[in-house]
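Now for the letters of each chain:
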Amino acid sequence: METPDQIRDRLLARFPGASVAVVANPGPAAQHSLLLGSGEARAMAEFLRDSPGLRLDFCSNVTGVDWLDREVTDVASKTIPDPAGGPPKLVEQRTKRLQPGYLEVVYHLYSVELRHGPVVLRLRTGNRSDRVAVPSLTPVWRSCEFQEREVFDLFGVVFDGHPDLRRILMWDEFKDHPMRKDYVEPDDYEWEPTPHADVLAKARRHYPAAAPAAKEEPAP
Amino acid sequence: MSFSLPSPLESAPGARVRAVRDPFHGDLLEVSMGPHHPSTHGVFRMNVTLDGETVVKLKPVFGYLHRNHEKIGENASYLGSMPYTDRLDYLCSMTNNWAYALAVERLSGQTVPERAEYLRVILAELTRLLNHTCFAGFILQDCGASGTPLMYAFREREKILDLFESLSGSRMMCNFQRFGGCRADATPEWLEAARALVDGYGAFLDEFEELLTGNEILMARTQGVGRLPAKLAVGAGITGPMLRASGVGYDLRKVDGYGVYPRLDFRVPVGADGDTYDRYMVRVLEMRESIKILRQALGTLPGGPVMDPKARLRGFRAKPGEVYSRIEGPKGEIGFFLISDGGPNPYRYRVRPPSFINLTVLEDLCLGHSIADTVVILGSIDIVLGEVDR
Numbered sequence: 001m002e003t004p005d006q007i008r009d010r011l012l013a014r015f016p017g018a019s020v021a022v023v024a025n026p027g028p029a030a031q032h033s034l035l036l037g038s039g040e041a042r043a044m045a046e047f048l049r050d051s052p053g054l055r056l057d058f059c060s061n062v063t064g065v066d067w068l069d070r071e072v073t074d075v076a077s078k079t080i081p082d083p084a085g086g087p088p089k090l091v092e093q094r095t096k097r098l099q100p101g102y103l104e105v106v107y108h109l110y111s112v113e114l115r116h117g118p119v120v121l122r123l124r125t126g127n128r129s130d131r132v133a134v135p136s137l138t139p140v141w142r143s144c145e146f147q148e149r150e151v152f153d154l155f156g157v158v159f160d161g162h163p164d165l166r167r168i169l170m171w172d173e174f175k176d177h178p179m180r181k182d183y184v185e186p187d188d189y190e191w192e193p194t195p196h197a198d199v200l201a202k203a204r205r206h207y208p209a210a211a212p213a214a215k216e217e218p219a220p
Numbered sequence: 001m002s003f004s005l006p007s008p009l010e011s012a013p014g015a016r017v018r019a020v021r022d023p024f025h026g027d028l029l030e031v032s033m034g035p036h037h038p039s040t041h042g043v044f045r046m047n048v049t050l051d052g053e054t055v056v057k058l059k060p061v062f063g064y065l066h067r068n069h070e071k072i073g074e075n076a077s078y079l080g081s082m083p084y085t086d087r088l089d090y091l092c093s094m095t096n097n098w099a100y101a102l103a104v105e106r107l108s109g110q111t112v113p114e115r116a117e118y119l120r121v122i123l124a125e126l127t128r129l130l131n132h133t134c135f136a137g138f139i140l141q142d143c144g145a146s147g148t149p150l151m152y153a154f155r156e157r158e159k160i161l162d163l164f165e166s167l168s169g170s171r172m173m174c175n176f177q178r179f180g181g182c183r184a185d186a187t188p189e190w191l192e193a194a195r196a197l198v199d200g201y202g203a204f205l206d207e208f209e210e211l212l213t214g215n216e217i218l219m220a221r222t223q224g225v226g227r228l229p230a231k232l233a234v235g236a237g238i239t240g241p242m243l244r245a246s247g248v249g250y251d252l253r254k255v256d257g258y259g260v261y262p263r264l265d266f267r268v269p270v271g272a273d274g275d276t277y278d279r280y281m282v283r284v285l286e287m288r289e290s291i292k293i294l295r296q297a298l299g300t301l302p303g304g305p306v307m308d309p310k311a312r313l314r315g316f317r318a319k320p321g322e323v324y325s326r327i328e329g330p331k332g333e334i335g336f337f338l339i340s341d342g343g344p345n346p347y348r349y350r351v352r353p354p355s356f357i358n359l360t361v362l363e364d365l366c367l368g369h370s371i372a373d374t375v376v377i378l379g380s381i382d383i384v385l386g387e388v389d390r
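If you read the sequences in order, they're chains A and V. Numbering of the first sequence is given in our numbering, commencing with residue 1 and proceeding in unit increments. Numbering of the second sequence is given in our numbering, commencing with residue 1 and proceeding in unit increments.
Simulated from the structure, these hints should not be mistaken for lab results. As the structure is a prediction and not an experimental result, all values here were calculated from the model. Note that CB positions come from ideal geometry on N, CA and C, so glycine has one too. Each hint should be verified, as a subset may be incorrect.
[Unchecked claim] Straight-line Cα separation of at most 20 Å, SDA-like style, residue types lysine to any residue; simulated pairs:
| hint | chain 1 | residue 1 | chain 2 | residue 2 |
| --- | --- | --- | --- | --- |
| 1 | V | 319 | V | 111 |
| 2 | A | 175 | V | 65 |
| 3 | V | 319 | A | 26 |
| 4 | V | 71 | A | 176 |
| 5 | V | 231 | V | 268 |
| 6 | V | 319 | A | 24 |
| 7 | V | 319 | A | 72 |
| 8 | A | 181 | V | 109 |
| 9 | A | 78 | A | 90 |
| 10 | A | 181 | V | 345 |
| 11 | A | 181 | V | 75 |
| 12 | V | 59 | A | 172 |
| 13 | V | 254 | A | 116 |
| 14 | V | 319 | V | 109 |
| 15 | V | 59 | A | 1 |
| 16 | A | 175 | V | 66 |
| 17 | V | 59 | A | 21 |
| 18 | V | 71 | A | 102 |
| 19 | V | 231 | A | 116 |
| 20 | V | 57 | A | 167 |
| 21 | A | 175 | A | 156 |
| 22 | V | 254 | A | 1 |
| 23 | V | 231 | A | 57 |
| 24 | A | 175 | V | 64 |
| 25 | V | 57 | A | 166 |
| 26 | V | 57 | A | 165 |
| 27 | A | 181 | V | 342 |
[As the list claims (entries may be wrong)] Restraint ranges, calculated between C-beta atoms of paired labels, are given here:
| hint | chain 1 | residue 1 | chain 2 | residue 2 | range |
| --- | --- | --- | --- | --- | --- |
| 28 | A | 9 | V | 223 | 44 to 52 Å |
| 29 | A | 198 | V | 231 | 54 to 62 Å |
| 30 | A | 114 | V | 184 | 38 to 46 Å |
| 31 | V | 219 | A | 114 | 35 to 43 Å |
Given these sequences and hints, build the entire structure.
Right, dumping it as structure tokens:
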């Protein structure tokens with residue numbers, strides 16, 4: 001099968017100016033992935049499905065990954081000319097910057113016809129709060145239908161063009177996205193007929209106004 | 001059709017059945033089947049819209065057993081998730097264990113001793129026998145034949161579960177595979193018992209097929225019902241016996257060749273019509289192939305350790321990286337997607353549940369059939385809600 005670099009070159013030849021990059025996987029499995037820009041993602045997915053050498057007709061797995069804001073250190077080496085006239089010096093410059101977080105959708109593609117794979121696709125959202133839309137690939141692979149709904153439900157990624165984007169595992173009135181890394185679980189998700197002190201303290205911490213005050217009740 | 005149906009979402013919770021007025025087709029009925037319905041194999045609900053007895057719309061509703069398995073997996077250590085994978089598809093804990101162990105092994109580049117590879121194949125094929133036997137018992141139960149075939153199936157299943165119990169200590173929640181091998185070695189007595197079971201299984205299958213395969217009721221209720229075209233099956237990510245029943249010979253044991261499957265001689269049965277009867281028949285034929293695999297694996301089981309002595313279980317950490325790894329479970333492709341950031345627990349832990357994705361085409365299969373057929377079609381998909389809802 002073609003390497004991710006070859007697939008990227010084919011995509012760039014077919015879609016000049018599109019945003020395609022190879023994301024390296026440092027682990028022993030070495031399943032490198034292709035990061036697609038949102039703009040032409042669906043057209044590129046169709047190309048991957050239909051182009052004769054690839055025929056990636058089977059989208060096996062779709063999932064989300066939540067990447068929080070993190071501080072990254074850039075190391076840039078710079079040569080500084082020696083003012084005394086000696087040989088120029090090589091110095092390392094470390095700058096810290098805040099990399100904003102994003103949500104990522106990962107697709108694992110295989111070819112049933114040609115028996116190869118996986119080819120890993122990644123789509124990224126702009127941030128984790130208000131720019132969370134990516135194009136849906138359900139029109140390309142039907143198997144994304146429920147899995148994209150699951151990513152929408154648990155991660156909060158909005159799939160543009162999905163035919164039936166509703167919550168799937170949580171109930172419709174649920175507000176948050178439980179698979180996000182900063183999700184705080186409610187302390188009252190389980191109704192306790194005899195709440196003991198720990199539960200009440202937790203509930204007070206979480207819902208200061210609504211929680212009932214702990215009081216000693218006489219045993220019946 | 002030009003009439004509009006109210007969305008299932010609008011129906012008030014608790015409403016069981018209601019009539020929808022429509023000028024062309026008369027009254028349509030919206031029926032909420034489940035979540036507590038004996039035909040749904042667990043807590044699963046289908047919002048079915050009926051024109052008379054014919055299904056015109058079907059929306060599956062999930063999540064009654066949702067406990068966010070993936071979040072729990074991200075908060076537990078690598079080893080800590082192993083017993084929890086048993087609870088995904090609780091009929092097939094051995095293959096769930098293997099899929100997870102294989103994913104972690106590929107994430108960290110570990111190898112497994114030869115004997116453990118054979119033992120894994122033996123246990124996976126026993127699991128396949130167990131799952132397909134239960135399936136064949138349930139399919140006639142779904143047709144309305146209450147009890148008899150299911151009891152025969154459960155009698156045989158119990159024999160396999162006895163083997164699992166004597167090896168791992170637990171009938172169903174085996175928690176047996178580890179990254180780097182298996183938790184315990186099979187004794188000569190256990191292998192003898194396994195050989196005896198495998199030798200007797202063919203006779204049981206003959207008897208069982210006598211009861212089912214030519215059965216008038218089964219044929220009338222399943223032939224031509226719920227036909228799944230091959231193109232739709234591949235596009236919708238259908239895997240396992242359901243895909244092969246549609247005529248696509250895609251079996252990961254052959255395609256990926258994991259474990260010691262490339263050394264074993266077996267064939268991949270495929271169906272011709274892709275209907276419910278084919279889905280039954282493919283599973284029966286797969287059981288015959290599993291018996292062949294088991295005979296070979298039990299005959300050529302090498303000696304040696306079953307656990308890599310250098311493997312580390314407690315405090316296991318993987319180098320940063322990610323992996324998607326899959327095996328052919330009895331219900332289809334069960335895969336695990338793991339991302340490691342070098343910490344003691346995975347940064348991302350994802351299960352690719354075969355029966356959840358196989359449900360994608362449930363509506364396509366049921367449209368135009370009667371409400372009683374949806375029960376049989378759902379049975380032929382072979383779902384376990386522990387895995388669908390996770």
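Now the hints, each set against the structure:
1. V:319 to V:111: holds, 16 Å
2. A:175 to V:65: holds, 19 Å
3. V:319 to A:26: Answer holds: residue 319 of chain V to residue 26 of chain A is near 8 Å, not above 20 Å.
4. V:71 to A:176: holds, 14 Å
5. V:231 to V:268: Holds. Residue 231 of chain V to residue 268 of chain V sits at ~19 Å (cutoff 20 Å).
6. V:319 to A:24: holds, 14 Å
7. V:319 to A:72: Holds. Residue 319 of chain V to residue 72 of chain A sits at ~19 Å (cutoff 20 Å).
8. A:181 to V:109: violated, 27 Å
9. A:78 to A:90: At roughly 6 Å apart (the allowed maximum being 20 Å), residue 90 of chain A and residue 78 of chain A satisfy the hint.
10. A:181 to V:345: holds, 14 Å
11. A:181 to V:75: holds, 10 Å
12. V:59 to A:172: The hint holds at about 15 Å.
13. V:254 to A:116: holds, 12 Å
14. V:319 to V:109: Holds, because 10 Å separates the two Cα atoms, which is no more than 20 Å.
15. V:59 to A:1: With a Cα-Cα distance of about 38 Å, the restraint between residue 59 of chain V and residue 1 of chain A is violated, given a limit of 20 Å.
16. A:175 to V:66: The given pair, whose Cα atoms are some 16 Å apart, holds under the 20 Å limit.
17. V:59 to A:21: Not OK: residue 59 of chain V and residue 21 of chain A at ~38 Å, beyond 20 Å, violated.
18. V:71 to A:102: holds, 18 Å
19. V:231 to A:116: holds, 18 Å
20. V:57 to A:167: Holds: residue 57 of chain V and residue 167 of chain A sit about 19 Å apart, inside 20 Å.
21. A:175 to A:156: holds, 10 Å
22. V:254 to A:1: Holds, at about 17 Å.
23. V:231 to A:57: Distance of about 9 Å is within 20 Å: holds.
24. A:175 to V:64: holds, 17 Å
25. V:57 to A:166: holds, 17 Å
26. V:57 to A:165: Holds, because 17 Å separates the two Cα atoms, which is no more than 20 Å.
27. A:181 to V:342: Roughly 17 Å separates the two Cα atoms, so the pair holds.
28. A:9 to V:223: 44 to 52 Å: Since the Cβ atoms of residue 9 of chain A and residue 223 of chain V sit about 50 Å apart, the hinted range of 44 to 52 Å holds.
29. A:198 to V:231: 54 to 62 Å: holds, 56 Å
30. A:114 to V:184: 38 to 46 Å: Holds, at about 40 Å.
31. V:219 to A:114: 35 to 43 Å: Given range 35 to 43 Å: holds, Cβ gap about 36 Å.
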